[in-house]
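Which chain is which? The protein sequence lines are S and Y, in order.
Position 208 of the first sequence, counted from 1, bears residue number 209 in the numbering used here, the numbering being contiguous throughout.
Position 313 of the second sequence, counted from 1, bears residue number 325 in the numbering used here, the numbering being contiguous throughout.
Just to be clear, a hint being listed does not mean it is correct.
[As the list claims (entries may be wrong)] Stretches of chain S that chain Y covers, calculated by requiring three or more beta carbons in the stretch to come under 8 Å of a beta carbon on chain Y:
no., region
1, 92-106
2, 225-236
3, 261-272
Read the hints as simulated data drawn from the structure, not as lab findings.
Positions of the beta carbon are idealized from the N, C-alpha and C atoms, including for glycine.
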Amino acid sequence: MIFVQVIVGGLLLGAIYALFSSGLTLIWGMMNFINFAHGEFVMLGMYVAFLVVTWFGGGPILFGIASALALFVLGVVIYFVLIRHVVRGPMLSQILSTFGLALLLRYSAFFVFSPNFVSLPQTSLAGTRNVAGIYLPVAQLVASAVAITLTIALHFLLTRSTVGSRLLAVAEDRSAAMLMGIRPDRMQALAWGLSAAAAGIAGALMATAYPWSPSVGETFGLIAFVTVALGGFGSVLGSLYAGLIIGLIQAASAFWLGAIYKDIVVYGLFVALLWLRPQGLMGKA
Amino acid sequence: MKRFYSPWIGPCLLAAGLLLYPIIFSSPFYRDIGVTFLLAAISASAWNIVGGYAGQVSVGHSMFFGLGAYTPLLLYTLWGWPLIAGIPVGMLLSVALSVVIGLPTFRLSGHYFSMATIAVAELIRIYFGTWTLVGAAIGLQGPATGRGWWDLTFRSELPYYYMFLGVLTFVLYVTFAVERRRFGFYLRSIKASERAARSLGVPVRQTKLQALALSAAFTSAAGSLYAAKTGFIDPDSGFGILVSVQMVIVAALGGAGTLFGPLLGAAILIPLQAATNTWFGGSDSGFTLNIFGVIVSFHGSGAALTFILYGGIIVLIARFEPGGLCELWRRLAPRLWKSAHAA
């Protein structure tokens, strides 16, 4: 039974990994660009949820939407202020821009919110259900269900909608898209907004179930790299599967090796992937 | 126009200034800043070989620094090796690690290399924090008093200063030599366009790997010197993200891919850091907590401010002047010259 419990715990967390990683993979697929500050977006989503709850009260629906909106705006602003200017510049600029941004956001959060752990007060989602001897915390269950739904929704948005076709057209060929009357800047800003919103809402969902501090962004950012590398760069469905797999691996290694090894195993998996299958599960290359 | 100065005047003045600095500023505070400056310049120059010249941006160079710092102290703790004997061992280990990372990632685009470096550095940092042989979270200590010069343990800052200055000179000399050889041209051609370089017959992967190995060896030596000087090492001071960040920002601020850029960057940032630390009481006397397996370091507010400042500077460099201050100077100097002589 404990075995099933470990698997369930891993899948619940993995669903949220899938959601924020799908944001990272969207940017990579669209622009061939890696966002080192993606984990910080998740962290900011958590703090937005925290601020909304402490200032206005309100339930998960309110702060979930607030986090998504706030991070969407942040993503668009960051695109126009920073990313647009470095994306076709030298590799040094591309990498240092978001790497510096990550430091800036992470340590500003340290400065503003203090390094102490915080958690949301008990929400309406408190409590647990016992299903056939398996312990299911309601908050995590709802969070994972929402995360999976949103990830699949993002997949359909990209593959089945006009906006998605436009996004993919810009990714495919910027100038050809421009000739078709698509504004690439607008589409890429939209991609950054969606990516950051996915991270923000994933953060808000996680905030309902886990305590956090400003430094969690670093861990989440690295987990997103591994998830995207496993799922295949640019594939939202790939990151859905990979997120679930990585949640499982983390839960299993935390259970059998000890909690401290769960990140070591995941980062080790990343190095192994680079050696064995750099294109990931669903990658094209 | 007649050149009224020899190109050697600048470097000669620089060398004289560096040689005389600890004699002019003899208080321990200023000497400590001098030693920190040299160490930052060494590690940033080492990073510069692969990050600047070859354009392969590593954001996890702390892994080599930390290996270089841990190895001599570990060999001393286990078998009483003199610290100086541990330095080449650390360099060998770092070169081996650089091959493990470089072989798979240099087949792929540059982003993979950057992601791999940060992931591996973090992996090693967490692992060293749990590994009892290397003292887990507490780390390792060097000899309290040196048994001889080969233990590199001195009371005064002065021997460290001149030792580091010697190493910096060597690293700069090697970089200078690399710059002028075929290898240096290979590196710059890879940075400019990997595809074009490959089509012209540059052995791209091999060249990148050699640059990374050279860079790793020097970074490791810098780590060993750091450990010998401070006398102890723990996971955060060896493998922490600040170590990598500092190398990147020092090199990029001065000018990544230029010989003296890292020196310039260090000359600006290290005094600045000393100032913020004194003003805001930044201390590394933080502690780490492990909650749900997430390792969390608690920093003093001064340390957080330093990071905010660093992050801001890195973003500004990336956005406005990826060539750093050297490039800015190269662009502005002729204009200033003209406006000064127009009247």
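Hints that the structure is at odds with (numbers, increasing): Violated: none.
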